[in-house]
Amino acid sequence: TPANWVGKQESPTSFSLWSPMVGVRRHQMCKTKSATATAAAPSMARSSATTPTTHGRRSPRGNTNGTHRTSYSTSSAALSTSSSSAASSLEALKKDSLPDLPLLLTFAELAAATKNFSPAHRLAPGSSNSFRCALRGHPAAVFRRALRRDPAEVSARLAVLGHCHHAAIARLYGAAASPDGALFLAYELVPGAAPLSALLRGANNPSFTPLASWHSRLRLAADACDALSYVHLQAGTVHNRLSSSSVLVCGQGPLLRAKLAHFGSADLAGELRGRRIEGTRGYMAPELTAGGSPTRRSDVFALGVLLLELVSGQEPVRYEFNKATGEYERTSLIESASAACGGEGGMRRWVDRRLKDSFPVEAAEALTMLALQCVAKDPPARPEMSWVAAKVSKLFLEAQDWADKFRIPTDISISMAPR
Numbered sequence: 001t002p003a004n005w006v007g008k009q010e011s012p013t014s015f016s017l018w019s020p021m022v023g024v025r026r027h028q029m030c031k032t033k034s035a036t037a038t039a040a041a042p043s044m045a046r047s048s049a050t051t052p053t054t055h056g057r058r059s060p061r062g063n064t065n066g067t068h069r070t071s072y073s074t075s076s077a078a079l080s081t082s083s084s085s086a087a088s089s090l091e092a093l094k095k096d097s098l099p100d101l102p103l104l105l106t107f108a109e110l111a112a113a114t115k116n117f118s119p120a121h122r123l124a125p126g127s128s129n130s131f132r133c134a135l136r137g138h139p140a141a142v143f144r145r146a147l148r149r150d151p152a153e154v155s156a157r158l159a160v161l162g163h164c165h166h167a168a169i170a171r172l173y174g175a176a177a178s179p180d181g182a183l184f185l186a187y188e189l190v191p192g193a194a195p196l197s198a199l200l201r202g203a204n205n206p207s208f209t210p211l212a213s214w215h216s217r218l219r220l221a222a223d224a225c226d227a228l229s230y231v232h233l234q235a236g237t238v239h240n241r242l243s244s245s246s247v248l249v250c251g252q253g254p255l256l257r258a259k260l261a262h263f264g265s266a267d268l269a270g271e272l273r274g275r276r277i278e279g280t281r282g283y284m285a286p287e288l289t290a291g292g293s294p295t296r297r298s299d300v301f302a303l304g305v306l307l308l309e310l311v312s313g314q315e316p317v318r319y320e321f322n323k324a325t326g327e328y329e330r331t332s333l334i335e336s337a338s339a340a341c342g343g344e345g346g347m348r349r350w351v352d353r354r355l356k357d358s359f360p361v362e363a364a365e366a367l368t369m370l371a372l373q374c375v376a377k378d379p380p381a382r383p384e385m386s387w388v389a390a391k392v393s394k395l396f397l398e399a400q401d402w403a404d405k406f407r408i409p410t411d412i413s414i415s416m417a418p419r
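Numbering (UniProt numbering), first residue to last: 1 to 419.
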């Protein structure tokens with residue numbers, strides 16, 4: 001149990017992982033060479049000003065007047081001062097511009113940061129696999145996963161994934177293993193963020209949502225598509241955990257943005273190779289439920305379900321009580337979306353009523369049709385993520401123009417006075 005992990009000696013098979021930033025640091029230093037040279041230039045100029053024209057040439061052995069010896073000593077001191085100044089400038093540059101994360105993590109460090117994984121540090125009430133803490137001054141969210149791959153492979157993949165950064169992806173800080181073989185992953189804790197599922201279907205007031213505009217929902221859709229496209233093309237991996245619960249919404253009002261959580265989790269834990277069913281109900285592609293391995297196509301399927309959620313506000317799968325039969329009936333979001341696109345006037349009735357008919361029906365239908373392409377039963381029939389991201393980005397720009405066109409003017413003043 002987590003309470004008994006602290007104080008135990010790690011077994012020979014246990015390991016500590018980190019995501020080394022050697023490549024990133026080298027890359028950033030290449031970008032900042034000019035800045036380093038600029039910082040060192042004043043010191044070099046001062047050294048040139050205080051050094052005589054002899055530039056430190058040694059005097060002949062027969063010379064006893066000491067003039068040249070004095071000149072050499074002055075030049076050496078100036079060069080020493082210049083070197084130390086350049087070094088201090090470099091250290092300041094490192095401190096200001098180079099991140100100290102991802103971290104070299106050990107299980108003992110995570111246990112200390114979470115106070116032995118105490119309930120007070122749990123990320124959500126009742127969750128025993130997610131915790132919040134501070135790692136060397138950085139707020140972090142820590143998740144426990146079952147490890148199903150060789151530790152050496154995890155280290156290699158972590159070194160690659162640690163270099164990946166995107167504005168719409170919660171940053172991966174690092175990883176560590178527990179003595180019992182579990183994998184702990186540390187991520188950026190996004191301040192003030194809430195899962196998309198909680199904003200679409202609030203438990204306290206289901207009739208209210210902060211996502212009450214078509215423009216805000218298209219922005220979140222564009223962010224999610226850009227993030228998943230980056231995961232596929234730049235990071236070269238599969239997410240396999242996409243759902244409305246793994247999309248974090250941060251910001252306020254018209255500045256709401258989305259961040260994708262659990263980046264690299266399935267890859268590092270070894271879920272992409274096994275044939276064990278992993279995923280969230282309603283987001284799993286048919287080939288996954290049949291025992292297949294996660295792929296980019298299965299990610300596209302989950303994204304299609306997410307887009308349908310943003311349009312309708314409904315859960316992927318829900319059960320409703322039928323009074324006539326006295327039984328619960330299963331309702332699929334994919335099936336209801338297909339029916340809405342097929343009937344005249346069905347789209348306006350199917351779109352989330354909390355948008356209050358303030359949305360372009362043609363755009364809603366276009367996004368729904370795109371989502372239905374993503375959830376095709378046959379994996380090869382699903383589009384590539386880059387194509388989907390481009391289509392959603394175009395719809396978002398159109399939503400911006402539509403919002404500007406129909407925005408209520410706020411710069412009009414009216415005065416009431418007798419003629």
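Take the hints with a grain of salt, since some may be wrong.
[Stated by the list, open to error] Cβ-Cβ distance ranges computed for the label pairs, FRET-style:
| no. | residue 1 | residue 2 | range |
| --- | --- | --- | --- |
| 1 | Ile277 | Lys391 | 41 to 47 Å |
| 2 | Lys377 | Ala156 | 31 to 37 Å |
| 3 | Ser118 | Pro380 | 27 to 33 Å |
| 4 | Arg330 | Ser118 | 36 to 42 Å |
| 5 | Gly253 | Glu329 | 34 to 40 Å |
| 6 | Pro119 | Glu329 | 35 to 41 Å |
| 7 | Glu327 | Glu398 | 39 to 45 Å |
| 8 | Ser386 | Arg201 | 27 to 33 Å |
| 9 | Glu384 | His165 | 21 to 27 Å |
[As the list claims (entries may be wrong)] Below, in silico cross-link-like pairs of lysine-lysine (BS3-like), each with a Cα-Cα straight-line distance of 30 Å or less:
| no. | residue 1 | residue 2 |
| --- | --- | --- |
| 10 | Lys356 | Lys323 |
| 11 | Lys405 | Lys377 |
| 12 | Lys394 | Lys377 |
| 13 | Lys356 | Lys405 |
| 14 | Lys405 | Lys394 |
| 15 | Lys391 | Lys405 |
| 16 | Lys394 | Lys356 |
| 17 | Lys377 | Lys391 |
Worth flagging that the hints you see were computed from the coordinates, not collected in a lab.
Glycine is no exception: its CB is placed at the ideal position from the N, C-alpha and C atoms.
Hint by hint, here is what the structure shows:
Ile277 and Lys391 have their C-beta atoms about 30 Å apart, which leaves the hinted 41 to 47 Å range violated. Between Lys377 and Ala156 the CB atoms are about 35 Å apart, so this pair conforms to the stated range of 31 to 37 Å. Range check, Ser118 to Pro380: about 48 Å between beta-carbon atoms, so the 27 to 33 Å window is missed. Between Arg330 and Ser118, the C-beta spacing of about 40 Å keeps the proposed range 36 to 42 Å intact.
Hint check: Gly253 to Glu329, Cβ distance near 38 Å, so the stated range 34 to 40 Å holds. Distance hint for Pro119 and Glu329: a CB-CB separation of about 38 Å, consistent with the stated range 35 to 41 Å. At roughly 43 Å, the beta-carbon separation of Glu327 and Glu398 lies within the given 39 to 45 Å, and the hint holds. Checked against the hint of 27 to 33 Å, the C-beta distance between Ser386 and Arg201 comes to roughly 30 Å, which is consistent with it.
Take Glu384 and His165: their Cβ atoms lie about 23 Å apart, and the range 21 to 27 Å holds. Restraint check: the Cα-Cα separation between Lys356 and Lys323 comes to about 29 Å, which is no more than 30 Å; the hinted pair holds. Under the criterion of a C-alpha separation no larger than 30 Å, the hint pairing Lys405 with Lys377 is inconsistent with the structure, at around 38 Å. With a C-alpha separation of about 26 Å, the suggested pairing of Lys394 with Lys377 holds against the 30 Å cut-off.
With a C-alpha separation of about 17 Å, the suggested pair Lys356 and Lys405 falls inside the 30 Å cut-off, and the hint holds. A threshold of 30 Å between alpha carbons decides the hint, and for Lys405 with Lys394 the separation of about 17 Å falls inside it, so the pair holds. A distance of roughly 21 Å separates the Cα atoms of Lys391 and Lys405; the hinted pair therefore holds under the 30 Å criterion. For the proposed pair Lys394 and Lys356, the alpha carbon gap of about 23 Å is at most 30 Å, so the pair holds.
Between Lys377 and Lys391 the alpha-carbon distance is near 21 Å, which keeps this suggested pair within the 30 Å criterion.
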